[in-house]
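> What follows is each chain in one-letter form.
Protein chains: 2
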Amino acid sequence: MTPNQVIVTNGGSEALQMAFTVCLNPGDEIIIPEPYYTNYNTFAKLCDAKIVTIPSDIKTGFALPPIEEFEKVITPYTRAIMICNPNNPTGYLYTHEELLKVAGLVKKYDLYLFADEVYREFCYDGHKHFSVMQLEGLERNVILFDSVSKRYSACGARVGCMVTRNSEVYAIAMRLAQARLSPPSFGQFFAEAAVDTPQDYFDAVQAEYVARRNVVVEGVNKIPGCFCPMPKGAFYTVIDLPIDDSDKFCQWLLTDFSYNGATVMLAPATGFYVDPEQGRHQARITYCICIEDLKKAMKCLEEALKVYPGRTR
Amino acid sequence: MTPNQVIVTNGGSEALQMAFTVCLNPGDEIIIPEPYYTNYNTFAKLCDAKIVTIPSDIKTGFALPPIEEFEKVITPYTRAIMICNPNNPTGYLYTHEELLKVAGLVKKYDLYLFADEVYREFCYDGHKHFSVMQLEGLERNVILFDSVSKRYSACGARVGCMVTRNSEVYAIAMRLAQARLSPPSFGQFFAEAAVDTPQDYFDAVQAEYVARRNVVVEGVNKIPGCFCPMPKGAFYTVIDLPIDDSDKFCQWLLTDFSYNGATVMLAPATGFYVDPEQGRHQARITYCICIEDLKKAMKCLEEALKVYPGRTR
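In order, the protein sequences belong to chains F and L. In terms of the numbering used here, the first sequence is residues 760 to 1072. In terms of the numbering used here, the second sequence is residues 760 to 1072.
Incorrect hints may appear among the rest.
Identical copies look the same in the list; a pair holds intra-copy or inter-copy alike.
Unchecked claim - Keeping only pairs whose Cα atoms sit at most 25 Å apart, straight-line, the calculated SDA-like set for lysine to any residue is: (1) K809 / L940; (2) K866 / I1048; (3) K1007 / A930; (4) K1055 / F889.
Worth flagging that the hints you see were computed from the coordinates, not collected in a lab.
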């Protein structure tokens, strides 16, 4: 990459907003595997664009749905495919093969490929991250979103970037960038220094996250009626729960339940689906707290499900 | 004001962008006295809104044009009047009486009143700033933009805010704020500490700016063929020059002219008008450099105008 392919932004969020604004017209459609990061909705809505989802399945760990499913929903209004890799909320890490399939479709229909790779340092069990920037022949199509927030646990720094080899998209995005003047100076000072972080920091972080993930996956799967796939990246997992309604359950945990003076906070998965019904029995767990607390949280969840009035099985 | 009337933003720029996004629909019109801060254009364009200008006159120091001129251009699409006070680029400080006239029109047609008051600490010669927030009966209409950038000379901090008593506008803006997560933490730490800056800092800054302004006003007005009004706020002034084209002249200063090994950089006023022709013989001077450099700059401008090939009178 060269500097004139990168625009530094107010976090990854602004990078998303800029790319959507530049690339999408009212009525345009973006195809995204579901569940997906909720905030894409607002940025799409700001352009009057429509998010069209392809359901991924908890049983496969939320792997890429068959590429034929994507092709089925392509219309004259389809303008982009969007991938979050590793995925928020599922923790799924798309493989090289899966990305080649997406690339084929992007090329065939000359779409944009938006890729949110802010979690790309967080890949586990020896799996390597394959970036959309390594896909060949998609120079005009690919727009990457990155951020220092996750890499250096610095989400308040608000330094991200939009990266593209498409000079036309870049030029228009630069006009938006000029209008809002600049991303934050203090965060940029931090980010420049953070680039020198030695590899052993990341090795230690990765080992810690693998241990945390294992506590969550084992903890959830030993609770009767629950299922947690084995995520290979990020620090999230979406689990299946024996409950009537995840919105109600997650709220009940906070307002009506405690175990040893504590409770557990989950994100109901309803917000990660276009149709909230699809996430009615699912919740997202974020495992960026320490192992001791995660163990307590798993115990807490287990006890909660024993007494939750809306338990279903 | 209460906390739930203030949204902290990525600088004043994001506050503008949010308010425009929330309040303006495609085709809506905003009335702004001209010349005006260029970047409003991009934020209006993002909403497909149209900026309608009322010319203000350099001979009056760019005072508020007669309120009848505003009323003449009101259409069913007019949604807002926008004021920058003290003004960028003119340095004009609107009086209480002028703002009451604007308020009357805003009330009569139930418009939004957008007010960019980021320079409000910079008022000179004993003149006091009158904020739109002090206007009565406009609780639903007024949206204020503020920033720490100018107040504390901290433009890279990127901490501004949008302030409104209109709870509906606030609620929608908060959704946009949630989507982009947060303004920068480091900048917020700075801003919170900066609030304790003692008054004598501002007194000293104000005295310094008055001295700088006087150097510029006197310097420009003694150059044959030039005219500079007496700005009462901010740190800008728009001057009239005996030249063919301010874009050409300002570029020529940088590429073809030097005096004692230096030159002077001005902003052509063409970019501050909807019709660039209106600013063809004007340029904006920013006097936020030290007095010694400003004196050199005035001398440099004087010498430049003696030899500029496009000199007109």
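> It remains to establish, for every hint, whether it holds in the given structure.
Going down the list of hints, with the structure as the test:
1. K809 / L940: between (29 Å within a copy, 21 Å between copies)
2. K866 / I1048: neither (41 Å within a copy, 53 Å between copies)
3. K1007 / A930: between (46 Å within a copy, 24 Å between copies)
4. K1055 / F889: neither (35 Å within a copy, 57 Å between copies)
Of the numbered hints stated above, those contradicted by the structure are hints 2 and 4, listed in ascending order.
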